[in-house]
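*Asks:* This is what each chain is made of:
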Amino acid sequence: MGLNAYLTLAALVFAIGLFGVLTRRNAIGILLGIELMLNAVNINLVAFARFHGDLAGLIFALFTIAITVAEVAVGLAIVIVIFRVRRTVEADRLDLLRG
Amino acid sequence: MTFETVGFWVVAAVLLASSLAVVLTKNLFHAVLYLAAALVATGTVFLLLDSPFLFGVQLLLYAGGVVTIVVFAIMLTERLIGERIAQTSRYVWHGAVVAAAVFVGVVGFLIEAPWPAPRPALPADLMPAIGRALVGPFAAALELLAVLLVIALLGALYFARPDD
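As given, the protein sequences belong to chains A and B, one line each in that order. FYI, my numbering numbers position 15 of the first sequence as 141, with every residue one higher than the one before it. FYI, my numbering numbers position 139 of the second sequence as 842, with every residue one higher than the one before it.
So here's chain B without its partners, still in its complex pose:
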């Protein structure tokens, strides 16, 4: 048992438990907190995959930004309707069957496919390579992404504008 194996099982258990809590808990606010735990666990999976840069991005953008936005939205909507939002589920068995079917279908492909077993050696200069790729082959996509973010935030501002 290497450190990576132990770490993987621990992180997988935390990730699956918090993901289940997100979709099963009654309290919407608790669901968001469990989502934050799941996002941090996902970031730790990135660490296990030797991507500390993505771990940082995950923590800052997802666990920091997204969770904050969702908490704000819950607080705003609870104030708007003036009551606590109960989080209930419907068609639980139908949903479970569909989700299990999707999982079985994906795993069916995973079992059949021939995967490369060992990891290739890590390139020594990963971070500079990411930076060069972002302004090299992926430069156009990066610029489009910046435009998309501006448009999305302007759209969100327009939607959530106060009544006049």
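Excised from the complex, chain A in its bound form:
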């Protein structure tokens, strides 16, 4: 399979993840969509690394995975705090900062 096939697959997964981020009401559901989008980016990085014979893409994918883990840890901690304070799971009702 050529590079195009892998990039198209990654674009599809990215679009699905974006759909999830836009349509989910639940804050954890939104985080899951973000996970899918970051995953799609990793596919792109590894595919470019393989087809250009350049190691940097693999290293970048490694860094992206590690940063995603940090992002999930902080994001879920924020979600737990929000649940504790507001007793709600819906992102629509988290409008404290709305003017």
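The hints are simulated quantities; they were obtained by calculation from the structure and are not laboratory data. Every residue, glycine too, gets a C-beta built ideally from N, C-alpha and C. Among the hints, a few may not be true.
[What the hints assert, rightly or not] Incomplete in silico selection of chain A near chain B, CB under 7 Å:
1) M127
2) L133
3) I142
4) V172
5) A173
6) G179
7) I185
8) A187
9) T190
10) A199
11) V200
12) I208
13) F209
With chain A fixed as given, assemble chain B onto it according to the hints.
*Replies:* What follows is chain B alone, placed relative to chain A:
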């Protein structure tokens, strides 16, 4: 049809199906399990791209770590609010249109761009090369990443501390 072609289509089908299930299923816990399937399928894509090291990292960190954290968070929040969390969607058509527009835009670039068709030969010593790159040109980024992880985990601990 080579083994790689068949493998690609199978893995692509699994990845797309489980990704769709993540964003469409009603049960939040099931969505996390589908996410685990999608992450493993992504790892298999890395295998098809001759990166077994990243496959291992993906399994350990993503499918192992992230999924576990999310399951814990769901269990904790369900206990906190004392009810099952239903997972619903809103603005489905708006979201579908935006996601489709992004996909069409990206594929528009993919069609026009001239890509290298064949894969270059794999360097024989890939793993040592990755290790050398991590402590060579990317050493500063690696150290910063370690600091970032510590800060993120401390921040998460601070956020989720018990009430006093």
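*Asks:* Going by Cβ atoms only, is A187(A) closer than 7 Å to chain B?
*Replies:* 6 Å, holds
*Asks:* Any CB of chain B closer than 7 Å to the CB of G179(A)?
*Replies:* Holds, because the Cβ-Cβ distance from G179(A) to chain B comes to roughly 4 Å (cut-off 7 Å).
*Asks:* Can we keep the I185(A) interface hint, with Cβ of chain B closer than 7 Å?
*Replies:* 5 Å, holds
*Asks:* Do the numbers back the hint for M127(A), that is, is its least Cβ distance to chain B under 7 Å?
*Replies:* 5 Å, holds
*Asks:* Tell me if the interface restraint on A173(A) is satisfied: Cβ within less than 7 Å of some Cβ in chain B.
*Replies:* Hint on A173(A): holds, closest Cβ of chain B at ~6 Å, below 7 Å.
*Asks:* Taking the closest Cβ pair, is V172(A) under 7 Å from chain B?
*Replies:* 5 Å, holds
*Asks:* Against chain B, run the beta carbon of L133(A) and see if the smallest gap drops under 7 Å.
*Replies:* 5 Å, holds
*Asks:* Under the criterion of a CB-CB separation shorter than 7 Å, is F209(A) in contact with chain B as hinted?
*Replies:* Cβ of F209(A) sits 5 Å from chain B, so the hint holds.
*Asks:* Under the criterion of a CB-CB separation shorter than 7 Å, is V200(A) in contact with chain B as hinted?
*Replies:* 5 Å, holds
*Asks:* Classify the hint on I208(A) as holds or violated, based on whether any CB of chain B lies nearer than 7 Å to its CB.
*Replies:* Violated: closest Cβ of chain B sits about 9 Å from I208(A), beyond 7 Å.
*Asks:* Do the numbers back the hint for I142(A), that is, is its least Cβ distance to chain B under 7 Å?
*Replies:* Since the shortest Cβ distance to chain B is 4 Å, the answer is holds.
*Asks:* Should the hint that A199(A) touches chain B count as held when the rule is a Cβ pair under 7 Å?
*Replies:* This hint holds: A199(A) lies near chain B, its Cβ roughly 4 Å from the closest one there, short of 7 Å.
In terms of the numbered hints stated before, the structure departs from hints 9, 12, listed from lowest to highest.
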